[in-house]
Each structure stands twice: as structure tokens, then as C-alpha cells.
Amino acid sequence: MRFKRPQVRYADTPQPATPYQSAAQVWDDRIGSARVQAKNWRFMAFGCLTLAVLMAGGLVWRSAQSIVTPYVIEVDNAGQVRAVGEAATPYRPSDAQVAYHLGRFIGLVRSLSIDPIVVRQNWLDAYDYTTDKGAVVLNESPA
Numbered sequence: 430m431r432f433k434r435p436q437v438r439y440a441d442t443p444q445p446a447t448p449y450q451s452a453a454q455v456w457d458d459r460i461g462s463a464r465v466q467a468k469n470w471r472f473m474a475f476g477c478l479t480l481a482v483l484m485a486g487g488l489v490w491r492s493a494q495s496i497v498t499p500y501v502i503e504v505d506n507a508g509q510v511r512a513v514g515e516a517a518t519p520y521r522p523s524d525a526q527v528a529y530h531l532g533r534f535i536g537l538v539r540s541l542s543i544d545p546i547v548v549r550q551n552w553l554d555a556y557d558y559t560t561d562k563g564a565v566v567l568n569e570s571p572a
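Residues 430 to 572 in this note's numbering are what the sequence shown spells out, letter by letter.
Fair warning: there could be bad hints in the mix.
[As the list claims (entries may be wrong)] Listed next, with one range per pair, are the computed distances between beta-carbon atoms:
{"#": "1", "residue 1": "Leu480", "residue 2": "Arg533", "range": "49 to 59 Å"}
{"#": "2", "residue 1": "Val513", "residue 2": "Ile546", "range": "31 to 41 Å"}
{"#": "3", "residue 1": "Leu488", "residue 2": "Gln454", "range": "49 to 59 Å"}
{"#": "4", "residue 1": "Asp441", "residue 2": "Trp490", "range": "46 to 56 Å"}
It should be emphasised that the hints constitute simulated quantities derived from the structure, not laboratory data. Note that CB positions come from ideal geometry on N, CA and C, so glycine has one too.
Could you put together the complete structure from these sequences and hints?
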């Protein structure tokens, strides 16, 4: 298969009357074709640049959106799931749940074992219950 350059003609070119017109016509055929090709490539390059900028902007916009949905899962003593739901509204734990976790926190902080590894693990578990300010207060209190 041979590749041919497409011949685009919008009108018949009149025959040149002078050698200068003939040379000008040859020059226009050579340079005009290159200019048209350069214009087409430039148009394609700016189109690709515009597309890349739009896609980058879309990615930045999409990354700024939060798509994480927190869930509240309630588990009973046997380890079975009792209730699952989206945390669309602020979660209000029952008094029994607050009492259990508060008792666990106090037990982690106040219990003292002979094994230093157990003591360290208890303190690290207690830090999971606290905020940054609470961790500072917990560090300052005598054990």
C-alpha cells in the first residue's frame, strides 16, 4: 500500500503568466503545504494541552471531595454484630456503653502489673481512648 499526500484544492489555480508568478506558485506549493501541516500540528498540540489541563483540574477537584463514609458497628459479648449503620447523624452511645469504656479506661490506667510489657501495653491502649490534650494530661499524672 502506498501512502499518498492528499490533494486539497478549493479552486483551479490559474496558469502563471510570468516566470515570477510561476516561481511564486511553486514557492507557495512548497511552503504553503508545510505551513498548513504546522498549523494542524499546532492545533492538535494545543488541543492535547487543553485536554491535559482539564483532566488535571478534574483530578484535583475530585481529590478535594471527601468520599469516606464512617459506619457505626455494634458488637455483642459473643462477638456477633448486632447493628450496622452509617454515621450520618452524631452517634449517641448508651449509658451502658459509656460505663463499659470508662471502666476499661480506668482499668488500663490504674492497674499495675509486675510485667513491664503488660504495663506498657495497658498505657498504649489507654492512649487510644484519649485526645492529644488528654495524652498530655495523662503523661503528667503520677502513675
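Evaluation of the provided hints:
no. : hint                          : result
1   : Leu480 <-> Arg533: 49 to 59 Å : holds (56 Å)
2   : Val513 <-> Ile546: 31 to 41 Å : holds (35 Å)
3   : Leu488 <-> Gln454: 49 to 59 Å : holds (50 Å)
4   : Asp441 <-> Trp490: 46 to 56 Å : holds (53 Å)
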